[in-house]
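The listed protein sequences derive, respectively, from chains W and L.
Numbering-wise, the first sequence is residues 11 to 124 according to our numbering.
Numbering-wise, the second sequence is residues 1487 to 1602 according to our numbering.
In short, the hints are calculated from the structure, not lab data.
Please read these numbers as outputs of a predicted model, since none were measured by experiment.
Glycine included, each C-beta is placed from N, C-alpha and C at the ideal position.
Careful, some of the hints might be misleading.
To be verified - Sample of chain L residues lacking proximity to chain W, with all beta carbon distances greater than 10 Å (derived):
id : residue
1  : Ser1570
2  : His1592
3  : Asn1595
4  : Thr1602
As the list claims (entries may be wrong) - Pairs of lysine to any residue residues, derived as SDA-like cross-links and limited to a Cα-Cα distance of at most 20 Å, are as follows:
id : chain 1 : residue 1 : chain 2 : residue 2
5  : W       : Lys111    : L       : Asp1548
6  : W       : Lys111    : L       : Asp1542
7  : W       : Lys111    : L       : Thr1541
8  : L       : Lys1543   : W       : Gly107
9  : W       : Lys111    : L       : Phe1582
10 : W       : Lys111    : L       : Ser1493
11 : W       : Lys111    : L       : Glu1581
12 : L       : Lys1543   : W       : Gly92
13 : W       : Lys67     : W       : Gly92
14 : W       : Lys111    : L       : Lys1543
15 : W       : Lys111    : L       : His1527
Chain by chain, the residues:
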Amino acid sequence: TQLLEQSPQFLSIQEGENLTVYCNSSSVFSSLQWYRQEPGEGPVLLVTVVTGGEVKKLKRLTFQFGDARKDSSLHITAAQPGDTGLYLCAGFWNSGGSNYKLTFGKGTLLTVNP
Amino acid sequence: DAGITQSPRHKVTETGTPVTLRCHQTENHRYMYWYRQDPGHGLRLIHYSYGVKDTDKGEVSDGYSVSRSKTEDFLLTLESATSSQTSVYFCAISEFGDPLDNSPLHFGNGTRLTVT
Chain W
11 TQLLEQSPQF LSIQEGENLT VYCNSSSVFS SLQWYRQEPG EGPVLLVTVV
61 TGGEVKKLKR LTFQFGDARK DSSLHITAAQ PGDTGLYLCA GFWNSGGSNY
111 KLTFGKGTLL TVNP
Chain L
1487 DAGITQSPRH KVTETGTPVT LRCHQTENHR YMYWYRQDPG HGLRLIHYSY
1537 GVKDTDKGEV SDGYSVSRSK TEDFLLTLES ATSSQTSVYF CAISEFGDPL
1587 DNSPLHFGNG TRLTVT
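Looking at chain W on its own, in the form it has when it is part of the complex (with noise of 0.2 Å):
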């Protein structure tokens, strides 16, 4: 099983401030998807990004691929108590053959103080 290292574990930020969460690997992902989880609720997808060194934009939030597809960050612009939650890194990989796996890292705890 491939590993899923994600960093920092816990981040507690007032209102309006940045906010970068690291998703790291020493394994080559076929693509990888971040999540965000609510207290009571199964995640949602907030990404997918696919190609070595892709950056896509959701509003305030960037996501980005690495050049070697090892290693993903995702980064709030001026954080809001709504983006109070625990996000997810899911990286898929090849386990032979055609066959693909999704191994989720252990998540990133976000609260945003007002």
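Mind docking chain L on chain W? Use the hints.
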């Protein structure tokens, strides 16, 4: 929201008893998954299904079995519940299983299971 319903939402059971969790989807998606989420471990795949009566093991399948007799229903059974199976269980569905299609997972809202 994707039409995924998990039942029950909460359950408390005793060690040694069998437990069945149900996942029902209205999306007619081929792929269905069971995950467990635990502090310090994140989401881990228990079993998945790629069609009716087609299932396979995930990374933490010991002590669990699954069945899929209809496209819309995927059942997870704990044969004899243990305290280590106390967790939040999530069902997920996807239209395609090939990551090259960038198929997202759609998750249900989870079942919180406590084994005493």
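* To do: Would you check the hint for W:Lys111 and L:Thr1541, treating anything up to 20 Å between C-alpha atoms as holding?
  => holds, 14 Å
* Pair hint W:Lys111 and L:Lys1543, alpha-carbon separation not exceeding 20 Å -> holds, 12 Å
* **10 Å Cβ clearance of L:Asn1595 from chain W** => violated, 5 Å
* Taking the closest pair, is the beta carbon of L:His1592 still more than 10 Å from chain W? -> violated, 8 Å
* **20 Å limit on alpha-carbon distance, applied to hinted pair W:Lys111 and L:Ser1493** => violated, 26 Å
* To do: Decide if the proposed pair is consistent with the structure: W:Lys111 and L:His1527, CA atoms, cutoff 20 Å inclusive.
  => holds, 17 Å
* Asked: Given the hinted pair L:Lys1543 and W:Gly107, is their alpha-carbon gap at most 20 Å?
  -> Holds - the C-alpha atoms of W:Gly107 and L:Lys1543 are around 17 Å apart, at most 20 Å.
* To do: Take the C-alpha atoms of W:Lys111 and L:Glu1581, compute the straight-line distance between them, and say whether it is at most 20 Å.
  => holds, 15 Å
* Compare the distance between the alpha carbons of L:Lys1543 and W:Gly92 with 20 Å, and conclude whether the hinted pair is satisfied. => Violated - the C-alpha atoms of W:Gly92 and L:Lys1543 are around 37 Å apart, more than 20 Å.
* Pair hint W:Lys111 and L:Phe1582, alpha-carbon separation not exceeding 20 Å -> The hint holds at about 13 Å.
* Asked: Taking 20 Å as the top limit, are the C-alpha atoms of W:Lys111 and L:Asp1542 close enough?
  -> holds, 12 Å
* Asked: Is L:Ser1570 truly not at the interface, in the sense that its beta carbon sits beyond 10 Å from all beta carbons of chain W?
  -> holds, 18 Å
Hint compliance for this structure: hints 2, 3, 10, 12 are broken, all remaining hints hold.
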